[in-house]
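Protein chains: 2
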Amino acid sequence: MPATEVAASIRAGRRTAEDIFWQQMACIELAEPEVGAWHYVSPDTALAEAQHVDRFLPLAGVTFGIKDVIDTANMPTGYGSAAYEGSRPVWDAPIVTLARQAGGVMLGKTVCTEFAMSSPGKTRNPANLAHTPGGSSSGSCAAVAAGMVQVGFGTQTSGSIIRPAAYCGVVGYKPSFGMLNRTGVKVLSDSLDTVGLITGDVADAALVASVLAERPELMPRAAPRRLRVGIFRGSRWHLALPETAAALEQAASALAEAGCMTRRLPVPGFFEGLYAHHDAVMGWETPRSLAYERLLPAGKLTAVTHAFLDQLSQATLASYDAALGALETRAGLLDQILDGCDVLLTPAAAGEAPLGLETTGDPVFNKVWTLLHGPCVALPVCKGPLGLPVGVQIIGRLGGDADVLAAAAFIAGALAAQRGGI
Amino acid sequence: MPATEVAASIRAGRRTAEDIFWQQMACIELAEPEVGAWHYVSPDTALAEAQHVDRFLPLAGVTFGIKDVIDTANMPTGYGSAAYEGSRPVWDAPIVTLARQAGGVMLGKTVCTEFAMSSPGKTRNPANLAHTPGGSSSGSCAAVAAGMVQVGFGTQTSGSIIRPAAYCGVVGYKPSFGMLNRTGVKVLSDSLDTVGLITGDVADAALVASVLAERPELMPRAAPRRLRVGIFRGSRWHLALPETAAALEQAASALAEAGCMTRRLPVPGFFEGLYAHHDAVMGWETPRSLAYERLLPAGKLTAVTHAFLDQLSQATLASYDAALGALETRAGLLDQILDGCDVLLTPAAAGEAPLGLETTGDPVFNKVWTLLHGPCVALPVCKGPLGLPVGVQIIGRLGGDADVLAAAAFIAGALAAQRGGI
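Protein chains in written order, with my numbering: chain A, 3 to 424; chain B, 3 to 424.
The hints are simulated quantities; they were obtained by calculation from the structure and are not laboratory data.
Since we're looking at a predicted model, the values are computed, not measured.
Ideal Cβ placement from N, Cα and C applies to all residues, glycine included.
Heads up, incomplete: computed chain B residues facing chain A, CB under 8 Å, no partners named:
no., residue
1, W93
2, P96
3, T185
4, V189
5, E216
6, R290
7, S291
8, A293
9, E295
10, E330
Make the full structure from the sequences, and use the hints.
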């Protein structure tokens, strides 16, 4: 049951938040042994929250999973690392407080990779347990995909919301940089890290974001205006697998059938260079943000994390400064890429979720958008050759979150209509 | 003894870090009962650090006071609030780790206002104990002014480094936004908060910043190139007390005598509007960043903090969005204000530190510069009518930290020469 329906049914008195709580707990009991989405489930505190929810609050009874790089005072916060296993912050991150104040019920902490980097947790892809759910917001995406919660909190430095959302077949929403408060999140890169949402559908992402950002304009629009959609392959299209090309074509044709203006956009000459800028910003900032952790006794951090930090550390100050310089014009760069369109339709990931749990996949189709700070939505479109979900990504202007959410809802509707028509 | 001399004498084998430690502890023992700069002094850990310093490290033996909004694992971190008194983070903020790795010795945590806002701590101004040291980096500025440490860490959202530095007669350096890693700092405003340094002279600020930011170009320059200095009064000059006008004139005339090109700059029409933008950004972000704390039981936070948060909360989303829009062009706004000059000479505060400890003074001459993210240095110039220090502020372009530090060093030298000549 989506968040919009949970809140509406509780408001109408048809259900109680406690009903929803028990329903979600039953789902967790059923699916969790196989999926492993949770680092910590907190039934007692969640039940108490559900029992005290004011049913007229906008997110009344909506259940949340909180990525374990986000601080919580009444649940342990391990940041995905054995180094901090069981540690307990003195506060909730504001985004958690705000969700609870709006009626949300916090079920627990979801698994993430170590410090939201590349060392995977235990989570499996609900669509096929032999495959990675992606990362770093692994547990939040898997929990939503398995129906355990309506909403997962995620964070993204490269592609940590959009990629796992696409792999798990759910909606991932990385808002414009700074739109959701990120205080109390373990920082990797101060210039990139963004808090976002994982939900079952676009309307849920829009509802929750509109409440948490206090931006009514994000609320699901009944009839979005005539959208101009640019089909954008990017400079690394050669890495897109056939299922991704198929998903993009399917979304584009659904849009065209629904009367949208679609246009294939060229890749600006500067685009490929933005990859190096992303790597420079993350490469310079992240090893320094983890300065304390890097000095912990050997064995506290995984070898994968150490290797990743060593690789990031190759970034030079000159490359970092060049990247910051380019970023000063990020709004203009996004405008140039959009070339008069309202939003872009572009890959969310290379293809289906890779086999195995050793890696969480490649953020190649996400890095540039995170760097440019614009809003991104991952939307499931079809299944790939292995039967796993394949998505597309909608990109918008800086602050153009309402457009991106409206476009994503519109595409989802057009895809559903197309399926209905076949 | 300045940090440059501490490190040089230890490197040369003339002193040991342990000598310096004992010397600073003696100073603390003498002055602390009156000044009250410290929230927590940690002689045992500091002595151990001093005893193990590699004497060839760039900051070998340099002692630090850490503003108590900055996380430390081996010392309590109370964020200036009774609500978190005695709490102990699981990590050091990276800036602390980096300072220690460079040879710095962490003496303890310095007093700050509650959550670095306006509810004052116990600290008194070393120049006159009846006066405020300013805030929110109260203890760091007072500790440096009283000679207890070479370096204080500070943070600034409005004027929390520059203003108390001016009040205490020390050098305050707020770098370009993001230059010093701010992970592990209690966030007020994600778009404004900046970590900076308080030191006894400009060379110390340059040395420490060059090491912590890994930017050799910040190192004190022997002979700065011919500086073009703009004298800039700003749109609220009517709030400047006579001693501030005198300090500005004295610095300007010292520069002119030293052969600098000085020029009185007009105040651009947009300048006054930037105050509203600062208030909108801080006003929108801060109450939300403290969402968890605002729900703590009555009495946990001071009435001053509650009142300040209520006042901030009047900011509207429309004003916030307008401010963010203006901020997109911040580099250009700074360029326009600088009007071809390398740096600006402008007030650091309205005048001498106010009498009493109930308030920490007005950041009226700091807000706009924090908003614009450029580098700022507070430099002591003269005494006011009550015998308290009066300073000026040097402002530079985004990323123009080397220029600002060189200009500040040059002005300090010119002032010393002028005094010598009289």
